[in-house]
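*Asks:* Listed below are the residues making up each chain.
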Amino acid sequence: MKYKIWPFVFILVWIVAGCQTSSVHNQPLLEAVVPVNVTQTALARSTACAGHFVEHRLDFATGIRIREINTYESNGAGLAVNDLDGDGDLDLVFASIDNTAAILWNEGDLNFRSEALPTRFTRGVATVDVDGDGWLDLVFTHRGLAPPSFWRNQGPTAEVRFLQQPLHGVEHYAYAMGWADLTGDGALDLVTGSYNVELQQHGISAEAMAAKAGVVLYEQRGAGFVALPLEQQAEALAIGLIDLNRDWQPDIWVANDFVLQDQIWLRAEETWVRSQPFAETSHSTMSIDWGDIDNRGTMALFTTDMNPYNISTVNLAGWLPVINKLEQPRGPKDPQRMVNVLQVATSNQGWRNEAGRRGIEATGWSWAGKFGDLDNDGLLDLYVVNGMIAENLFAHLPNGELVEENQAFRNLGQGEFTPIPAWRLNATTSGRGMVMADLDDDGDLDIVVNNLRASAQLFENQLCGGAGVVVELRWPGQPNHFAIGAQIALDAGDVTYTRDVRATSGYLSGDAVRVHFGIPTGSALRQLRIRWPDGVISYVERPAPQTRLEVTR
Amino acid sequence: MNQSLPLPMTGVAWQRIFPLLALLHPRRQAWPLLISLIVGLILGWAAMQFWGMKLWVGTAIVLVALLPALSVKFYHDWLHYGSKTIVILSILLTAQGAHTIEHIVQWVQYHILFWTARQSSGLLSPANAEWVHFVWNWSVLILVIVLMRGGLRNGWAYLLLGVALLHTFEHTYAFIRYQQVLGELRELGVTNVTAQGLPGILGRDGWLARSIWTRGTIICSVPGLTTATRLDVHFWWNVIEMALLTAAGHVYLLTWARRQPQENSVGG
Chain A
1 MKYKIWPFVF ILVWIVAGCQ TSSVHNQPLL EAVVPVNVTQ TALARSTACA
51 GHFVEHRLDF ATGIRIREIN TYESNGAGLA VNDLDGDGDL DLVFASIDNT
101 AAILWNEGDL NFRSEALPTR FTRGVATVDV DGDGWLDLVF THRGLAPPSF
151 WRNQGPTAEV RFLQQPLHGV EHYAYAMGWA DLTGDGALDL VTGSYNVELQ
201 QHGISAEAMA AKAGVVLYEQ RGAGFVALPL EQQAEALAIG LIDLNRDWQP
251 DIWVANDFVL QDQIWLRAEE TWVRSQPFAE TSHSTMSIDW GDIDNRGTMA
301 LFTTDMNPYN ISTVNLAGWL PVINKLEQPR GPKDPQRMVN VLQVATSNQG
351 WRNEAGRRGI EATGWSWAGK FGDLDNDGLL DLYVVNGMIA ENLFAHLPNG
401 ELVEENQAFR NLGQGEFTPI PAWRLNATTS GRGMVMADLD DDGDLDIVVN
451 NLRASAQLFE NQLCGGAGVV VELRWPGQPN HFAIGAQIAL DAGDVTYTRD
501 VRATSGYLSG DAVRVHFGIP TGSALRQLRI RWPDGVISYV ERPAPQTRLE
551 VTR
Chain B
1 MNQSLPLPMT GVAWQRIFPL LALLHPRRQA WPLLISLIVG LILGWAAMQF
51 WGMKLWVGTA IVLVALLPAL SVKFYHDWLH YGSKTIVILS ILLTAQGAHT
101 IEHIVQWVQY HILFWTARQS SGLLSPANAE WVHFVWNWSV LILVIVLMRG
151 GLRNGWAYLL LGVALLHTFE HTYAFIRYQQ VLGELRELGV TNVTAQGLPG
201 ILGRDGWLAR SIWTRGTIIC SVPGLTTATR LDVHFWWNVI EMALLTAAGH
251 VYLLTWARRQ PQENSVGG
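Chain order of the listed sequences is A and B. Just so it is clear: in the first sequence, position 344 is 344 by our numbering, and no numbers are missing. Just so it is clear: in the second sequence, position 146 is 146 by our numbering, and no numbers are missing.
I should point out that these hints are in silico values taken from the structure, not numbers from a laboratory. Nothing here was measured: the structure is a model prediction, and the numbers come from that model. There's no promise every hint is true.
Covered, in the sense of this in silico footprint (three residues per stretch, anywhere, with C-beta under 8 Å from a C-beta of chain B), are these stretches of chain A [claimed, not checked]:
#1 172 to 178
#2 372 to 386
Every beta carbon over 12 Å from chain B, so not counted as near; a handful from chain A, in silico [as the list claims (entries may be wrong)]:
#3 R45
#4 T47
#5 A158
#6 R274
#7 E416
Backbone N, C-alpha and C define an ideal beta-carbon position, used for all residues, glycine too.
Put together the whole structure using the sequences plus the hints.
*Replies:* And the structure:
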């Protein structure tokens, strides 16, 4: 009789164990620990507490030189943010579809000095230290018929700060790009994806498309890149380089427009294996972002699509003539739906779409969507920019423009979101690329949007409460100087906040290597835990709130 | 009464167990109906094949061909049962059954053939779905009320009434919004765009899915309630309604049949 209980005990233990290990990475048995030097700089505590964001117009606009915007000028351009000159302030780089790109040098107190960069017709931009010299370089993708261009940061002593140089071996057309150490050799690799429909619009022949379009992985080796074409079909609007199978190695996720399904490759040993881990995806996936929205230590993945947030009859009438044209053929097992999708990790190593349940399924004709703890309460909020301008689609609307309000959502906890118009982020200026970063060094995230046919906007964060911790990693002597791909966990009380260092995400945009944590008022910070890209761990004990930590390995 | 037609209680066993089958059985009209169907199919096929007519024309030809034989069949139902309620039940079962078949065809077009939602419009595609369903569901609701007033009152019937009310409410909501969107489109100078097929209350992008009151609640976790396509939502509305109508009719006919000999004997 006494033996009969053991099967039940075994099942119970198995269930409990299954639950416990369900949503975390496979931890290494032994952690190698490496010491780090930490420089702490106190952040100014903002005196401005308006309880909302304050809009500033920036000295940059794209699309204003085009008399009539049609597809695919309508897709606009991105921007990037990082400290390019080492003065401690985050600078901005804007791509432009109809003019030269521009750097807006941050001179403090949200004053910016504009400098044109002589590269034209750009789409996306990333600020990455391509050559591992400790200075962040610029890489642009271009409208139509050009491979990415590389602008090397020559440092403070050079006569010209940025000098265009070839990216040896990078020759395919690119619309979207992503940067990460994909091969584990320490150097940053590049993934590009073309937007074939635009290439066709530009009259590219099938032969040229076969030779220079598609998704390509460029492995950085020595002074150049070795191309590994992954797929010829691509309508890439965004590329996410993120670990999708929880093996600590970044995988490749290409977000495609139209009926072409998103393409995913997982790193397996020394090769790449095509995969489809999602039961549901966005249809015309416009951007990819990820974040630990419920502080469980796992990333939820968010993609945007076209879906009206406002189902009033007035708004639907504006959408209908276009929506009816957008319906495209479907195939068996097609996982695509024309909605935003939030992939949340499940206990069986899979993913489940919870965008509908969490209230973020529809944000309009959406472009960039990004997570960030905007109110410093320890929970990642969400901001999505939207709107569409295309005379050939919206001729029935004034100026061919679908005017929509950008959508801000406050995370209420456990990843449940609610619209928060009180933050006054509901601009109607047709945003495309977007970044979040602490531009005024006051410990909270500001937002910058590259609009189409309107000035770029900076939304200064004047929300009240909480504090911030900003972390920047340095790994001198390594080609991945800014530790792209590192994961940082901050223990505060009984909560752990997890972030990662990345070069690119969202839509056509480059992220700051500075990682922001929002800290609720009264939280005691216990420990900062850094998992470097090579798997080695570092600890920083009791970091102070409202500081910027420069952690050097 | 036509003495050559057996009353339900004097029929074979399956007719006593499933009186609905006896009701729906074409009886003397079996051959006329079959011939009408064959003629209709041939004519419909020929219209599509040789005159390039569309699927809905072919379907309409079949329905028109069936109409005389069906009318005679319903007349015979009246002669056979002598009850208006049962004749109405017979008509409603036939019509709602055909309507459900239309929804099943749509479901097959969408889920099996992978047509787009707009292409998956069943066999009578050009009919204005909003008008058709608005009129149809109000008609069904009225007929259900008439049936209940005529004596068809049992648990299934009350459930049917509830579902028919909700279904009609959903279509009324959709119809009003359809008219409003058409008005907005006219304001924009757009006249060549259909506004049919917009979400209603249930399903993806419907009122329930977008309501601030339901966000994050268990309602959004109920499979399909806020995520199903309109096509799926109305497939299930009709399947459920048809099932309830069948159950209500079955119970009613059993009761009615049990009463008949006693009433006959009393009357006799």
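*Asks:* A separate judgement is required for each hint: does it hold in the structure or not?
*Replies:* Results for each hint:
1. 172 to 178: violated (count 0)
2. 372 to 386: violated (count 0)
3. R45: 34 Å, holds
4. T47: Given a closest Cβ separation of 34 Å, the condition holds.
5. A158: 54 Å, holds
6. R274: A:R274 clear of chain B: closest Cβ-Cβ about 22 Å, beyond 12 Å.
7. E416: Per Cβ check, A:E416 is inside 12 Å of chain B; nearest 5 Å; violated.
The structure shown violates the earlier hints numbered 1, 2, 7.
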